[in-house]
Amino acid sequence: MTGSAWEVVIGLEIHAQLATRSKIFSGASTAYGAEPNTQACLVDLGYPGVLPVLNEEVVRMAAMFGLAVNAAVAPRSVFARKNYFYPDLPKGYQISQYELPIVEHGELYIEDADGNEKRIGITRAHLEEDAGKSIHEGLDKSSGIDLNRTGTPLLEIVSEPDMRSAKEAIAYMRKIHTIVRYLGISDGNMQEGSFRCDANVSVRPRGQEEFGTRAELKNLNSFRFIEKAINFEVERQIELIEEGREVVQETRLYDSDRDETRPMRSKEEANDYRYFPDPDLLPVEISAEYIESVRQQLPELPDAKKQRFVAEYGLRDEDAGILTASRAVADYFEDAAAATEAPAQLVANWIMGELSGALNREGLEIGDSKVSAAELAGMLSRIHDSTISGKIAKQVFEAIWGGEGTADAVIEAKGLKQITDSSAIEAVVDKVIAANPSQAADYRAGKDKLIGYFVGQVMKETRGQANPAQVNQILKDKLGN
Amino acid sequence: MSLSKEQVQHIAMLARLELTDDEYAESVAKLSRIVDFVDQLSQADTDGVIPMAHPLDAAQRLRPDVVTERIERDRYQENAAAVAGGLYLVPKVIE
Amino acid sequence: MSDNHQELHARSLTELAAGLDGGEFTSVELTQSLLERIARLDGQLNAFITVTADEALAAAERADEARAAGTGGVLNGLPIVHKDIFCTSGVKTTCGSRMLDNFVSPYDATVVEKLDAAGAIFLGKSNMDEFAMGSSNETSYFGPVNNPWNAECSPGGSSGGSAAAVAARLAPAATGTDTGGSIRQPAALTGTVGIKPTYGRVSRYGMIAFASSLDQAGVITRTAEDAARMLGVMAGFDARDSTSIDHPVPDYVAGLSKSVKGLRVGVVRQHFDEGLDEQCGVRVHEAIAVLESLGATTVEVDLPNLDLSVPTYYVVAPAECSSNLSRFDGVRFGHRAENAEDLMDLYCRSRGEGFGDEVKRRIMTGTYVLSAGYYDAYYLKAQQVRHLIADDFKKAFSDVDVIAGPTSPTPAFRLGDKIDDPITMYLNDIYTIGANLAGLPGMSVPCGFVDDLPVGLHLVAAHFDEETLLQCTHQYQQHTDWHLACPEAFK
Chain A
1 MTGSAWEVVI GLEIHAQLAT RSKIFSGAST AYGAEPNTQA CLVDLGYPGV
51 LPVLNEEVVR MAAMFGLAVN AAVAPRSVFA RKNYFYPDLP KGYQISQYEL
101 PIVEHGELYI EDADGNEKRI GITRAHLEED AGKSIHEGLD KSSGIDLNRT
151 GTPLLEIVSE PDMRSAKEAI AYMRKIHTIV RYLGISDGNM QEGSFRCDAN
201 VSVRPRGQEE FGTRAELKNL NSFRFIEKAI NFEVERQIEL IEEGREVVQE
251 TRLYDSDRDE TRPMRSKEEA NDYRYFPDPD LLPVEISAEY IESVRQQLPE
301 LPDAKKQRFV AEYGLRDEDA GILTASRAVA DYFEDAAAAT EAPAQLVANW
351 IMGELSGALN REGLEIGDSK VSAAELAGML SRIHDSTISG KIAKQVFEAI
401 WGGEGTADAV IEAKGLKQIT DSSAIEAVVD KVIAANPSQA ADYRAGKDKL
451 IGYFVGQVMK ETRGQANPAQ VNQILKDKLG N
Chain B
1 MSLSKEQVQH IAMLARLELT DDEYAESVAK LSRIVDFVDQ LSQADTDGVI
51 PMAHPLDAAQ RLRPDVVTER IERDRYQENA AAVAGGLYLV PKVIE
Chain C
1 MSDNHQELHA RSLTELAAGL DGGEFTSVEL TQSLLERIAR LDGQLNAFIT
51 VTADEALAAA ERADEARAAG TGGVLNGLPI VHKDIFCTSG VKTTCGSRML
101 DNFVSPYDAT VVEKLDAAGA IFLGKSNMDE FAMGSSNETS YFGPVNNPWN
151 AECSPGGSSG GSAAAVAARL APAATGTDTG GSIRQPAALT GTVGIKPTYG
201 RVSRYGMIAF ASSLDQAGVI TRTAEDAARM LGVMAGFDAR DSTSIDHPVP
251 DYVAGLSKSV KGLRVGVVRQ HFDEGLDEQC GVRVHEAIAV LESLGATTVE
301 VDLPNLDLSV PTYYVVAPAE CSSNLSRFDG VRFGHRAENA EDLMDLYCRS
351 RGEGFGDEVK RRIMTGTYVL SAGYYDAYYL KAQQVRHLIA DDFKKAFSDV
401 DVIAGPTSPT PAFRLGDKID DPITMYLNDI YTIGANLAGL PGMSVPCGFV
451 DDLPVGLHLV AAHFDEETLL QCTHQYQQHT DWHLACPEAF K
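Chains as they are written, first to last, in this note's numbering: chain A, 1 to 481; chain B, 1 to 95; chain C, 1 to 491.
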């Protein structure tokens, strides 16, 4: 980057698909992956004569989101039509909210580069219907239109231009991602397009008050791409300005194969969406009592949960952050911690270490884990009461993962119980010292580090089952002579 | 107020309507007349009047989140001029 | 069939119901006789776009069976006509447009479903102005409809086919839709009864939208009593229409016999200003005098913003229509241009070819008034004036029960007379448009003739007070016989 002469300004528009069973304005299913157009009913197809009726669940979900980001939930919001022609938009207009959105003036906090808390304003969040999909592959001179996704409810969350780097943008987006999943209002699946983002990016000379001309980046469907696209775009804009040229206000598409952004080719004339209130829908009215009832349904949110994990379980701040990034992981942690005497930090370490590794390896979500929270807790209890060592535990964990039963059953069946009988350990230690006279001499001459070698040899002799603390102590005693 | 041919062309473009040259000439004249006619509205004193989007003062009713539609794709597609593999076809779209 | 079947067509819906109930004839006989009549006479009118003879006869058979089993609905076996704006499952639904010349609806409109469930037999789909945009039926892709009273005249529009069919005794009742007067004006011009209920009273689901905040389905018949029967079936809440209002439907027929004694009739001063044909004015005053003779009192009322109702309408309706008609893009249904070069070409030519002049004009007007820079001056301003007009009515209804006046400024005009000047055509609806803007129920009832052409009395009532309109017109018809007059060629 061209140094700190330039300041980057980023605002995000996040589209979160709401996890309803049926569509926002019709009774067709929202399930993903059906055969083309088998989930597009007459309302979704924009057939002559059909009319929209609003799904009550989307109102509840939007209100929930509003409360979660400390925003105002509007007592009266209005659906408007955004008029433009495109093949994936069957009615020739998208039903959205324009002047009176359902949520306004929210905020959330992220950590900036210096580790300080930074507020990001949420201008608004409004409800709208998703469009269908154009398919270009496999058709010669045509594009194919699949309208299954048409009418899927979206919450469009618009931030203030408060972010100053790609990193901040990612942190904000992750935070929103976490919140919508916590609330259970979106599955946040980026691959299936249920969580998408457009970024408005501009640069300005540091210290300048007014914003530079912005470009809108589309098609940002992974956290990695967002970062790359923003960084590319920032470089491009700075280069343009430094060469004495101008940034054009336009929509640009991120091409992940080439890692670049380019202007969209569709020769749209200057868009004039001709928004006006949709006469087929009436104003949505939300009472204070309703908002209160939604507030009662709010789960504990990530920030609050993180603070509680630090206070209640004594976890490291960073670990609490990792565990609370997903509600399912946090729940797993709390279930496991409640079921064992082992220290919470040990529970946390195992979830972030072995468990997370195994899940990644097999591409599973924590909800599909082959080791349940109770099973993990059972095993951690055996570490805690010294039945097994941490090292043996890894072997036990793999066996549980492989379906060989509970920790106790595995330890029993494989004879993995830790040796804590001092005389048995002493015998092995004696044997090892006798077999390594020169090392013993070196140790005694001051090469303290050799203790590790001896521990290794003892553990090898006992197939890892000797209690490491005891081995250490006995070795020191014997070698110290 | 009279509309120019360029204005009418822009409107026809926004509305995705192809017009012949004769139709343009007629549209310019007739649309100008209509616009003149509706310009009468500017005389009305509407200071502080709330715009009325609906004839009745009612609120949106909400539908339970239930899947109710049975979809007969093939039947619906009988009305479409070009389909293949369940997809509606349009000339190739370049993004 | 006995001789008296010859005159089945002359009977009202109510009389036909009695005949069916009394076993005087069957629904199959009745249906057959009307189908024969349509086949014989519609060549002079062009009132039908589609005649569903086979379906109608099959339905009539089922109705006769239901009657025998004692299970028929309230309109069991009675033939009616649907305006071709209502989607009818498995039957071509054109909306009077080339755009939908090939369109077979896969579903029934709620209105169709309800009338079907009540046992009504539908004989066919009636001609109309394209997408209901017109006041003369001349914008139909399927050609104009001729007025049964004078073939050189327009029957009015947009529900001109429905009105002509009922006036010519091809059917006792027909559905219609009314966005600015499209039921009431053709009713007046053909000597029939037409009612546009309160906005939200009848479901709009399956009715191809013109202007969503103004469109309302209603009915054209020859008597108020028939209209009451039809409306009783059509009205009511529909969960598929967000603008449908959950308000109980009274027994309209039961309310008809109430006297109009003490009814306060508002007479609008502005209604009798310049623009109204003098003789029409005389007929309307005579009709109001009949109501007075029955015990009603008249009060002069003021609708100060009446003259703004037409310009308001011609901003609001085109704005909504420009958006409503965007779905006709040649992709999923409707006309598709051949050999399109690209997407833009497909859109522009499919729409350019599929829509007629008036529809294109309204789409362009609507696009213009909503476009950047003009929205506030036109669309928003019109919404504000709409509020003023609604308030005028509200104020008037604090003093009166109904407002009476002419339905149309002139009797039926000649085909071709007004089609070239949109403004002259638009001004035809000056007396009816206010009810649409304010969402009020309105009704036209025949009240005499000028130069052998029928004239209509227009009544408007407060929201959800269709009962008063029906009661008032029924009482009027009990004491007049204008509705019994039949055009010579269709006796």
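One should not assume that every hint holds.
Said to hold, decoys possible - Restraint ranges, calculated between C-beta atoms of paired labels, are given here:
id	chain 1	residue 1	chain 2	residue 2	range
1	A	235	C	342	28 to 36 Å
2	A	191	B	48	48 to 56 Å
3	A	224	B	43	27 to 35 Å
4	B	45	A	209	52 to 60 Å
5	B	59	C	391	15 to 23 Å
6	B	85	C	92	26 to 34 Å
7	A	167	C	391	24 to 32 Å
8	A	167	B	43	53 to 61 Å
9	C	297	A	76	36 to 44 Å
Stated by the list, open to error - Counterexamples of contact, computed for chain A against chain C with all Cβ distances above 12 Å:
id	residue
10	31
11	40
12	43
13	54
14	81
15	143
16	205
17	272
18	286
19	328
20	353
21	451
Read the hints as simulated data drawn from the structure, not as lab findings. We treat Cβ as the ideally placed atom computed from N, Cα and C, and that holds for glycine.
To see whether the hints hold, each was checked on the structure:
1. Separated by about 34 Å at the C-beta atoms, residue 235 of chain A and residue 342 of chain C satisfy the suggested range of 28 to 36 Å.
2. Hint check: residue 191 of chain A to residue 48 of chain B, Cβ distance near 52 Å, so the stated range 48 to 56 Å holds.
3. Taking the beta carbon of each, residue 224 of chain A and residue 43 of chain B are about 60 Å apart, not inside 27 to 35 Å as hinted.
4. Against the hinted window of 52 to 60 Å, the Cβ-Cβ separation of residue 45 of chain B and residue 209 of chain A comes to about 41 Å, which falls outside the hint.
5. Between residue 59 of chain B and residue 391 of chain C the Cβ separation comes to about 20 Å, which falls inside the hinted range of 15 to 23 Å.
6. Residue 85 of chain B and residue 92 of chain C have their C-beta atoms about 27 Å apart, which keeps the hinted 26 to 34 Å range intact.
7. Our hint of 24 to 32 Å for residue 167 of chain A and residue 391 of chain C is violated, since their Cβ atoms are close to 56 Å apart.
8. A hinted range of 53 to 61 Å for the beta carbons of residue 167 of chain A and residue 43 of chain B is consistent with their spacing of about 58 Å.
9. As the Cβ distance of residue 297 of chain C to residue 76 of chain A is approximately 41 Å, the hint placing it in 36 to 44 Å holds.
10. No Cβ of chain C approaches the Cβ of residue 31 of chain A within 12 Å, the least distance being about 22 Å, so the stated non-interface status holds.
11. With a least CB separation of 9 Å from chain C, residue 40 of chain A falls inside the 12 Å interface cut-off, contrary to its annotation.
12. The beta carbon of residue 43 of chain A sits about 9 Å from the closest Cβ of chain C, which is not more than 12 Å, so the claim that it is off the interface is violated.
13. Distance to chain C contradicts residue 54 of chain A as a non-interface residue, since its nearest Cβ pair spans about 7 Å, not more than 12 Å.
14. With 12 Å as the threshold on Cβ separation, the claim that residue 81 of chain A sits away from chain C is violated: the shortest Cβ distance comes to roughly 5 Å.
15. The claim that residue 143 of chain A is not at the interface with chain C is violated, since a C-beta of that chain comes within 12 Å of its own (minimum 8 Å).
16. Distance check for residue 205 of chain A against chain C: the nearest CB is about 31 Å away, which clears 12 Å, and the non-interface claim stands.
17. Separation of residue 272 of chain A from chain C is inadequate, the least Cβ-Cβ distance of about 5 Å not exceeding the 12 Å criterion.
18. Against the 12 Å criterion, residue 286 of chain A stays outside the reach of chain C, whose nearest CB is about 16 Å from its own CB.
19. Residue-level check passed: residue 328 of chain A sits 37 Å from the nearest beta carbon of chain C, beyond 12 Å.
20. Separation of residue 353 of chain A from chain C is adequate, the least Cβ-Cβ distance of about 53 Å exceeding the 12 Å criterion.
21. Every beta carbon of chain C lies more than 12 Å from that of residue 451 of chain A, the smallest distance being close to 76 Å; the non-interface claim holds.
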